[in-house]
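Participant: Here is how the chains run, residue by residue.
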Amino acid sequence: MSIPENLRYTREHEWVSGDEVVTIGVTAFAADSLGDVVYVQLPDVGDQVTAGEVCGEIESTKSVSDLYSPVTGEVVEVNQSVVDKPETVNADPYDAGWLLRVRASSVPELLAADAYAALIQEG
Amino acid sequence: MKTPKILKTPLHEVHLQLGASFTDFAGWSMPVRYSSELAEHRAVREAAGQFDLSHMGEIELSGPQAAGALDYALVGNLSAVRVGRARYTMMCDESGGVLDDLVVYRLQHDRFLVVANAGNVAVVADRLRERAGGFDAQVDDRSVKTALIAVQGPHSPAIVATATGADLSGLKYYASMPARVGEHEVLLARTGYTGEDGFEVFTDADEAVAVWQSLAAAGESHGLLPSGLACRDTLRLEAGMPLYGNELSTELTPMHAGLGRVVKFDKPGDFVGRAALEKAPEPDRVLVGLRGGGRRAPRHGYRVLHGERAVGEVTSGALSPTLGYPIAMAYVEREFAEPGTELGADIRGRTQPVTVVPMPFYKRSTT
Chain L
1 MSIPENLRYT REHEWVSGDE VVTIGVTAFA ADSLGDVVYV QLPDVGDQVT
51 AGEVCGEIES TKSVSDLYSP VTGEVVEVNQ SVVDKPETVN ADPYDAGWLL
101 RVRASSVPEL LAADAYAALI QEG
Chain Y
1 MKTPKILKTP LHEVHLQLGA SFTDFAGWSM PVRYSSELAE HRAVREAAGQ
51 FDLSHMGEIE LSGPQAAGAL DYALVGNLSA VRVGRARYTM MCDESGGVLD
101 DLVVYRLQHD RFLVVANAGN VAVVADRLRE RAGGFDAQVD DRSVKTALIA
151 VQGPHSPAIV ATATGADLSG LKYYASMPAR VGEHEVLLAR TGYTGEDGFE
201 VFTDADEAVA VWQSLAAAGE SHGLLPSGLA CRDTLRLEAG MPLYGNELST
251 ELTPMHAGLG RVVKFDKPGD FVGRAALEKA PEPDRVLVGL RGGGRRAPRH
301 GYRVLHGERA VGEVTSGALS PTLGYPIAMA YVEREFAEPG TELGADIRGR
351 TQPVTVVPMP FYKRSTT
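Protein chains in written order, with the UniProt record's numbering: chain L, 1 to 123; chain Y, 1 to 367.
Wrong hints could be hidden among the right ones.
[Claimed, not checked] According to the in silico footprint, chain Y covers these stretches of chain L (three or more CB under 8 Å from chain Y):
#1 36-43
#2 91-100
[Said to hold, decoys possible] Beta-carbon label-pair distances, calculated as ranges:
#3 E122/L <-> V209/Y: 29 to 37 Å
#4 E122/L <-> T351/Y: 37 to 45 Å
#5 G223/Y <-> S33/L: 22 to 30 Å
#6 E122/L <-> D270/Y: 34 to 42 Å
#7 E220/Y <-> S106/L: 42 to 50 Å
#8 K363/Y <-> T50/L: 41 to 49 Å
#9 A26/Y <-> A91/L: 31 to 39 Å
#10 R350/Y <-> S33/L: 46 to 54 Å
#11 G349/Y <-> E87/L: 19 to 27 Å
[What the hints assert, rightly or not] Result set (DMTMM-like, lysine to aspartate or glutamate): computed pairs, CA atoms no more than 25 Å apart in a straight line:
#12 K85/L <-> E46/Y
#13 K62/L <-> E60/Y
#14 K62/L <-> D114/L
#15 K264/Y <-> E13/Y
#16 K85/L <-> D24/Y
#17 K8/Y <-> D24/Y
#18 K172/Y <-> E60/Y
#19 K8/Y <-> E12/L
#20 K62/L <-> D233/Y
#21 K62/L <-> E122/L
#22 K62/L <-> E12/L
#23 K62/L <-> D346/Y
#24 K5/Y <-> E12/L
#25 K145/Y <-> E94/Y
#26 K62/L <-> E313/Y
#27 K145/Y <-> E130/Y
#28 K8/Y <-> D32/L
#29 K62/L <-> D206/Y
What the hints contain is simulated information worked out from the structure, not anything from laboratory work. Remember, predicted model here, so these are calculated numbers, not experimental data. Note that the Cβ used here is the ideal one computed from N, Cα and C, for glycine as well.
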């Protein structure tokens with residue numbers, strides 16, 4: 001399971017890159033556990049999101065999962081191409097499958113790649 | 001605390017080698033998908049899929065009065081089933097509630113095979129023993145010794161013909177025959193749960209791996225994909241087939257599910273549930289199909305609305321991979337059950353319009 005070294009992670013299986021404006025997605029582990037993603041609901045540009053709180057939904061053929069915001073701040077961009085083609089989350093979770101960009105006012109402590117790897121090893 | 005033991009089928013190692021993801025289902029660790037459930041779903045609709053269904057129960061009834069015992073134990077008229085044929089039927093409790101839905105094969109004049117859902121095997125076996133008590137018939141739960149492999153899809157006849165060397169032209173839908181896969185004797189049935197033409201292969205648990213591999217090899221040039229429970233669920237939903245625990249339960253009679261035709265009131269003799277089912281009033285809510293717009297599916301447990309009022313509940317739902325729009329089954333109050341009725345579904349706090357439609361949602365074209 002791929003876990004890029006240069007990203008930071010949450011225990012809820014989101015990844016984060018960048019500092020002031022952060023890009024957020026879900027990990028390959030999450031995408032794989034969900035199964036084929038068929039619907040993604042994201043916040044609107046301008047919405048405020050709060051670290052640890054639900055900011056969207058990801059639906060696979062079998063289930064619906066909440067998307068938690070890893071940071072607090074204002075949504076500055078959402079990935080419309082993922083909304084249009086939700087399967088991108090499975091195909092390319094760390095790149096084309098990014099979900100939203102947030103101008104972060106507060107970033108809680110996040111996991112480094114090795115800590116996240118250990119977390120998903122535990123099951 | 002006692003942790004329940006998770007059961008593994010005789011094909012577990014094969015699934016591991018194929019890279020399956022697993023899910024716990026009725027106490028069994030079962031492959032939920034191997035690669036992508038949508039690819040597996042499409043393979044079954046367009047080519048073929050291979051399923052491990054060894055978690056299901058196989059219970060044999062034999063003896064001079066086996067048919068009579070089944071007529072008493074189940075709601076169907078099993079004496080009327082000819083040797084080599086199979087019947088979809090149900091076991092009800094005294095009050096008419098559904099204990100399980102079953103497929104029963106008549107293997108010989110005095111020998112039947114009852115196939116039960118994984119979660120209900122113990123109940124079905126116990127009740128069969130109890131209900132066969134007054135008959136000259138033996139009940140033998142062979143579930144652990146038996147593996148079940150399904151090959152489903154338009155290419156399945158070619159695959160199964162290659163693997164068995166059998167002439168399948170005389171094997172009708174809902175019929176079975178003894179066959180061989182390589183050295184191994186199997187029971188070959190033309191049945192399934194996907195809406196496609198397909199086969200189910202019953203084999204000794206010890207021989208399951210060899211039989212699986214032979215079928216897989218025969219299917220290689222036909223686009224056969226190993227397929228998990230995730231796609232099995234979307235396939236059966238498209239085909240409008242009820243799932244025990246979702247559409248069927250002891251709280252509901254066969255009539256609720258629109259399956260009153262499986263109850264054979266005209267068969268001679270009593271059967272368990274007859275009195276209650278004969279007296280039962282018209283069900284106040286019935287199972288319907290719903291079609292939604294957009295891409296969000298109403299799912300199990302979501303409310304069905306008429307205006308602000310809850311008039312039903314969804315039992316199964318998914319974005320149909322074949323049709324491209326959301327489909328669901330739901331129990332709704334009778335007056336809202338007519339096809340064409342416009343209702344709403346509460347999808348996580350947002351009401352989305354849905355329309356009552358006839359089932360099945362998908363029907364294969366027979367050529």
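Participant: Run the structure past the numbered hints and jot down the numbers of the failing ones, going up.
Facilitator: 2, 6, 7, 10, 13, 14, 15, 16, 19, 24, 25, 29
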